[in-house]
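With the hints as extra help, turn the sequences into a complete structure.
For reference, the chains in residue letters:
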Amino acid sequence: MAIGIVDMEALISGLPGVEHARRDDGRVVALPSTIEQVAAVTRAVNDHGLTIEIGGSSTKRGWGNPVRADLLLNMQRLAGVREHRWQDLTATVGAGTPWTAMQRELAKHGQFVALDPLWPEHARVGGVIATNDSGALRMSYGSLRDLIIGMTIVLADGTIAKTGGKVVKNVAGYDLHKLMTGAFGTLGVIAEVTFRLHPLPAHTQMWSATSRDPDVLAFLMTKVTESRMNLRAMQLRASLQGCALDIELSSLPEVIASQVDRLNVLVRGCGGTCHVQENLSGDLFAAREQVFGHDVVVKITMLHTAIAGLVHDVVQLGGSAVAQASGVLWAGFRESTAVNALPYLYQYVERARGVMTVMQAREQRQPEWAFWPQRSGTAELMRRVKRQFDPKSTLNPGRVMGGI
Amino acid sequence: MSVRMPELDAEILGRRDRIVTALRSIVPGEGVIAGEREMRPYETDGLTAYRQLPMVVVLPETTQQVAEVLRYCHDEGIKVVPRGAGTSLSGGALPLGDGVLLGMAKFNRIREIDFENRVAVVEPGVTNLAVTNAVAHAGFYYAPDPSSQIACTIGGNVAENAGGAHCLKYGFTTTHVLGMDVVLPTGEMVTVGSMVPDAPGYDLTGVFVGSEGTLGVATKIVLRIVERPETVQVLLAAFDSIAQAGQTVSDVIAAGMLPAAMEIMDRLSAHASEQAAHPNYPVCEALLLIELDGIAVEVDAQMAQVRRLCEKNGASEVRLAQSAQERALIWKGRKAAFAAMGRISPNYIVQDGVIPRTALPEVLEKIGQMAAEVKLRVANVFHAGDGNLHPMVLYDQAIPGQEEIALDLSYRILYLCVDHGGSITGEHGVGKEKQQAMGYMYSEPDLETMQRVRHAFDPENIANPDKVFPRTKLCGEKTGPYTPHPLEKAGVAEFF
Numbered sequence: 001m002a003i004g005i006v007d008m009e010a011l012i013s014g015l016p017g018v019e020h021a022r023r024d025d026g027r028v029v030a031l032p033s034t035i036e037q038v039a040a041v042t043r044a045v046n047d048h049g050l051t052i053e054i055g056g057s058s059t060k061r062g063w064g065n066p067v068r069a070d071l072l073l074n075m076q077r078l079a080g081v082r083e084h085r086w087q088d089l090t091a092t093v094g095a096g097t098p099w100t101a102m103q104r105e106l107a108k109h110g111q112f113v114a115l116d117p118l119w120p121e122h123a124r125v126g127g128v129i130a131t132n133d134s135g136a137l138r139m140s141y142g143s144l145r146d147l148i149i150g151m152t153i154v155l156a157d158g159t160i161a162k163t164g165g166k167v168v169k170n171v172a173g174y175d176l177h178k179l180m181t182g183a184f185g186t187l188g189v190i191a192e193v194t195f196r197l198h199p200l201p202a203h204t205q206m207w208s209a210t211s212r213d214p215d216v217l218a219f220l221m222t223k224v225t226e227s228r229m230n231l232r233a234m235q236l237r238a239s240l241q242g243c244a245l246d247i248e249l250s251s252l253p254e255v256i257a258s259q260v261d262r263l264n265v266l267v268r269g270c271g272g273t274c275h276v277q278e279n280l281s282g283d284l285f286a287a288r289e290q291v292f293g294h295d296v297v298v299k300i301t302m303l304h305t306a307i308a309g310l311v312h313d314v315v316q317l318g319g320s321a322v323a324q325a326s327g328v329l330w331a332g333f334r335e336s337t338a339v340n341a342l343p344y345l346y347q348y349v350e351r352a353r354g355v356m357t358v359m360q361a362r363e364q365r366q367p368e369w370a371f372w373p374q375r376s377g378t379a380e381l382m383r384r385v386k387r388q389f390d391p392k393s394t395l396n397p398g399r400v401m402g403g404i
Numbered sequence: 001m002s003v004r005m006p007e008l009d010a011e012i013l014g015r016r017d018r019i020v021t022a023l024r025s026i027v028p029g030e031g032v033i034a035g036e037r038e039m040r041p042y043e044t045d046g047l048t049a050y051r052q053l054p055m056v057v058v059l060p061e062t063t064q065q066v067a068e069v070l071r072y073c074h075d076e077g078i079k080v081v082p083r084g085a086g087t088s089l090s091g092g093a094l095p096l097g098d099g100v101l102l103g104m105a106k107f108n109r110i111r112e113i114d115f116e117n118r119v120a121v122v123e124p125g126v127t128n129l130a131v132t133n134a135v136a137h138a139g140f141y142y143a144p145d146p147s148s149q150i151a152c153t154i155g156g157n158v159a160e161n162a163g164g165a166h167c168l169k170y171g172f173t174t175t176h177v178l179g180m181d182v183v184l185p186t187g188e189m190v191t192v193g194s195m196v197p198d199a200p201g202y203d204l205t206g207v208f209v210g211s212e213g214t215l216g217v218a219t220k221i222v223l224r225i226v227e228r229p230e231t232v233q234v235l236l237a238a239f240d241s242i243a244q245a246g247q248t249v250s251d252v253i254a255a256g257m258l259p260a261a262m263e264i265m266d267r268l269s270a271h272a273s274e275q276a277a278h279p280n281y282p283v284c285e286a287l288l289l290i291e292l293d294g295i296a297v298e299v300d301a302q303m304a305q306v307r308r309l310c311e312k313n314g315a316s317e318v319r320l321a322q323s324a325q326e327r328a329l330i331w332k333g334r335k336a337a338f339a340a341m342g343r344i345s346p347n348y349i350v351q352d353g354v355i356p357r358t359a360l361p362e363v364l365e366k367i368g369q370m371a372a373e374v375k376l377r378v379a380n381v382f383h384a385g386d387g388n389l390h391p392m393v394l395y396d397q398a399i400p401g402q403e404e405i406a407l408d409l410s411y412r413i414l415y416l417c418v419d420h421g422g423s424i425t426g427e428h429g430v431g432k433e434k435q436q437a438m439g440y441m442y443s444e445p446d447l448e449t450m451q452r453v454r455h456a457f458d459p460e461n462i463a464n465p466d467k468v469f470p471r472t473k474l475c476g477e478k479t480g481p482y483t484p485h486p487l488e489k490a491g492v493a494e495f496f
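In order, the protein sequences belong to chains H and F. The working numbering applies: residue 1 is where the first sequence begins, and numbers increase by one. The working numbering applies: residue 1 is where the second sequence begins, and numbers increase by one.
Hints are computed from structural coordinates only; laboratory data are not their basis. Values in this document were obtained by computation on a predicted structure and should not be read as measured data. Even for Gly, the Cβ is constructed at its ideal location relative to N, Cα and C. Hints may contain errors.
Only pairs whose alpha carbons sit at most 30 angstroms apart, straight line, appear in this in silico DSS-like list of lysine-lysine [unchecked claim]:
{"id": "1", "chain 1": "F", "residue 1": "Lys366", "chain 2": "F", "residue 2": "Lys169"}
{"id": "2", "chain 1": "H", "residue 1": "Lys223", "chain 2": "F", "residue 2": "Lys169"}
{"id": "3", "chain 1": "F", "residue 1": "Lys169", "chain 2": "F", "residue 2": "Lys312"}
{"id": "4", "chain 1": "F", "residue 1": "Lys220", "chain 2": "F", "residue 2": "Lys106"}
{"id": "5", "chain 1": "F", "residue 1": "Lys375", "chain 2": "F", "residue 2": "Lys169"}
{"id": "6", "chain 1": "H", "residue 1": "Lys108", "chain 2": "H", "residue 2": "Lys299"}
{"id": "7", "chain 1": "H", "residue 1": "Lys162", "chain 2": "F", "residue 2": "Lys366"}
{"id": "8", "chain 1": "H", "residue 1": "Lys108", "chain 2": "F", "residue 2": "Lys312"}
{"id": "9", "chain 1": "F", "residue 1": "Lys366", "chain 2": "H", "residue 2": "Lys299"}
{"id": "10", "chain 1": "H", "residue 1": "Lys108", "chain 2": "F", "residue 2": "Lys169"}
{"id": "11", "chain 1": "H", "residue 1": "Lys162", "chain 2": "H", "residue 2": "Lys223"}
{"id": "12", "chain 1": "H", "residue 1": "Lys299", "chain 2": "H", "residue 2": "Lys223"}
{"id": "13", "chain 1": "F", "residue 1": "Lys220", "chain 2": "F", "residue 2": "Lys169"}
{"id": "14", "chain 1": "H", "residue 1": "Lys162", "chain 2": "F", "residue 2": "Lys169"}
{"id": "15", "chain 1": "F", "residue 1": "Lys312", "chain 2": "F", "residue 2": "Lys366"}
{"id": "16", "chain 1": "F", "residue 1": "Lys312", "chain 2": "F", "residue 2": "Lys332"}
Covered stretches of chain F (chain H as the covering partner; in silico rule of three or more C-beta atoms under 8 angstroms from a C-beta of chain H) [stated by the list, open to error]:
{"id": "17", "segment": "180-191"}
{"id": "18", "segment": "425-438"}
As structure tokens, then:
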């Protein structure tokens, strides 16, 4: 590392307007407050052959391969809703805006970005996008790739580029914002984002069925999926303590009422003992956050007909799981159970044509628990894309896949 | 419209016989077409004003052949233009006189349908409508519905990120493509995305869809299929002004509804469609078509609300289609709008711009003024829900100079869209037609950043090289504002 040769603090102090701080561990944090300042930082660091780790509130810093860079680039000062064209259902937001703060602003006009990421009070827009996080709302509104219509990005060499625009429908040029979504900041720094918005639903109702047997609920989940109901969100959560199928309905009140009746009929036909609760309050869909209380967390994506069935296995292996109807499952294990669980899951998922990614692993991580899938036919192409965007590997070096 | 193409590469043409022989060794039999008469059907696409015979046409049948053709062209520095059904309205499949035209028509099989998981795996030469027809018996359909859906292929839809009237609710091609087998312009075969969500690493599927044949050729595509809604209702409302119809669209959205489609036709386009398809449209300044779908009770309640909003905004007539037949007739009229222009004008240019929905009244008024200034008529149809305009500039080629004026007007309409925060294309693509307008919408660093993606996929710049970007860029070459080609300056060639 060239840190001995270049005084990072002096380098950043030389950039007009860019504030910085030195952390206890001696590392320098740059805190730009404009897009131009972000560009000045990346350009200066890139020119000197040094490296940058991009961050916001660090809620997902443990995701992906660990990065040890010369400078921390903190985006939290690029915060705020820049423009809310509520009549057009679009909004442009600074990447450093905390998710909930953004939603509060948009709610003034009864709208929201239809996504429920982890730790929304703290997580910031840029980080949610860079990690392509999504929750249970995905089954009805899609994931970030369906909700982002434009972006301003800063490349390692200081290039500021806009992609997409402020209109929902637009096929001019490449969808670079899709490339940035889920790239973990390895291709560029996300500085500003334009979302397509949805109206907040007028009427919703929670419904939940609990059981000791995850397979009973998995069966019920399949039946509900086939039932043409107005599902806004659905998840199957399970641990050794018990399991629940949580459903949020959204429609006119009379429609919701009749669909709740139908749900209760489906429960009676599913063959097991279930206990039903209606009108629950509290955010059951934040259950994913509890999974992250474990030492080791994996994300598994499979065909959605197969996802619920895997919940049983996770519980048998001593873990907790949240399975979303869109085909995504999050499973958490204690260190001691993970040793046996992960090899089993790797095999199971591969046979089922799914994908498993380790999202979080504490310090004592086993070497074979690679964060990313080991075999990928596209890694070479991704490497080429990285080389074009960031030839010196300045931004979040090695964070994704096998060290891209 | 006469368009002269860029000068051909004499060195490549000098090797033509050798190239044809080499291609024949890869794709045997009738898969290589080199005779002028036989190549004639490939000289143009949906943008018929642009014509160019390719150097040679290749129609591979297997992914292996596609890979070998591309590897050969990559190694030999030969340009390749991929083609589906050739329905592009922006010249996306327009051949190059010194390039290979790679037709994907023989990839026409539906490989797998999984109703439980709601996916269909198809080859790129399968038509859009064929996907729906293959899954209809089980109550499913393929949602993107470009007006050319009878003819256009999934491969072309992927290249153009095709839309249609129903993208307001259901999204575009990119929303419905989960993964693909792709042959890169280097001849390498990769699988991007898959049947399951969130393939790890970069979203290569997302950047490939809509790349207009510049990043490679898809040979197998995993599509999402959608369950038919329980109920569909279509309402027609007649208004005395576009502003009233536009306000109704905004009010419907503001009320929290997401219709399957909201279309506006102005007097001129409704009149032309009436003549062409006889949909029995009411005579009015602005015709609003709203389609709602979903579960019956909900659709009934929402439709009542839509009616109230139409009436509040002064609709002179509100008509709900009473049968599937009536609904089909209403849509037939709307989908006939482009072709119907031929009944009221000898020639016309179809444009495709996008504006924020709220800018609709202002932009339409300005288009009216601009048209009046040059004494031309512009008919308008639009996907009003998402602000996608299709102005049609009517003119007469027989009147000297009028075509140039019409073309100029059609481009100025696009720039007007950009000035209002919109886009130069909502669904037809940039292709050959709008490559210079890209420089108006995006700055130099924006375009340069897109080029980085292109270089990663296609280092030799052989895949559809003369499309999308303002002018052909080589790796490392600086992007810049549009500069006239020397031939253009000398008055020898024109670029549009």
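Hint numbers not upheld by this structure, sorted from lowest to highest: As far as the earlier hints go, 5, 6, 9 and 11 are violated by this structure, in ascending order.
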